[in-house]
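**Q** Throw the hints in and build the complete structure from the sequences for me.
Sequence positions in the sequence shown follow my numbering and run 39 to 226.
Keep in mind that the hints were calculated from the coordinates and are not lab data.
All values reported here derive from a predicted model rather than from experimental measurement.
We put the CB at the ideal spot given by N, CA and C, even for glycine.
Treat the hints with caution; some may be incorrect.
[Stated by the list, open to error] Have a look at the derived ranges for each label pair, beta carbon to beta carbon: (1) 220 with 77: 33 to 41 Å; (2) 145 with 96: 23 to 31 Å; (3) 77 with 39: 23 to 31 Å; (4) 97 with 39: 37 to 45 Å; (5) 170 with 102: 39 to 47 Å; (6) 220 with 145: 32 to 40 Å; (7) 92 with 145: 18 to 26 Å.
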Amino acid sequence: MDALLTSLTVVAIAEIGDRTQLLALLLASQFRRPAPILCGIFFATLANHAAAALAGEWVGSLLSPGLLRWVLGVSFAAMAVWTLIPDKLDGAEAALPRYGAFLTTLVGFFVCEIGDKTQIATAALAARFDLLLPVVVGTTTGMMLANAPSVLFGHYAGSRVGARRIRFVAAAIFAVEAALTLAGHGLF
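**A** Put into structure tokens, the structure is as follows:
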């Protein structure tokens, strides 16, 4: 249960203000069809985070517990710093293809998540907990919790969220997790 709740919480908070959340706002304002957008986000996140969790679990199995602790601690510290940097949509991401809301969202989210902080967090969480299914369910649910309001409320939700403050909270969580991991303890 710890793996599920930790994964959900970390990713839901880290996702706020992320480029994929900005993409969700853009898609919602362009297509105005929340159901296919939400389905695209779900399936793209599930595929992307399953791959990341598999990679994280594999890397975790290769490293000794002491080395894994240091790798994860440094990873969480890097995530804390990275979370403080606001994401922006690139010009290439702003141009929407003409393939419909679901396919555009599916491809856009999958590509945007490659190398993203939530994908890296998923890999680190899978390595830490060595529990693939709860981590993937947790991170995917966290992504949906963070992105669904953006899709459902469009620009209204985006303008009301204090992304800067939430980035600081997410960074603090990653920093505390880094410190506790390096000290030999986990936050959850």
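**Q** Does each hint hold? Answer for all of them.
**A** Do the hints match the structure? See the list:
Between residue 220 and residue 77 the Cβ separation comes to about 39 Å, which falls inside the hinted range of 33 to 41 Å. Distance hint check: the CB atoms of residue 145 and residue 96 are about 26 Å apart, consistent with the given range 23 to 31 Å. A hinted range of 23 to 31 Å holds for the C-beta pair residue 77 and residue 39, which are about 27 Å apart. Checking the proposed 37 to 45 Å range against residue 97 and residue 39 shows it is violated: the Cβ atoms sit about 24 Å from each other.
Under the hint 39 to 47 Å, the C-beta atoms of residue 170 and residue 102, about 20 Å apart, miss the expected range. Checked against the given bound of 32 to 40 Å, the beta carbons of residue 220 and residue 145, roughly 38 Å apart, stay inside it. Against the hinted window of 18 to 26 Å, the Cβ-Cβ separation of residue 92 and residue 145 comes to about 21 Å, which satisfies the hint.
Of the hints listed earlier, those the structure fails to meet are numbers 4 and 5, in rising order.
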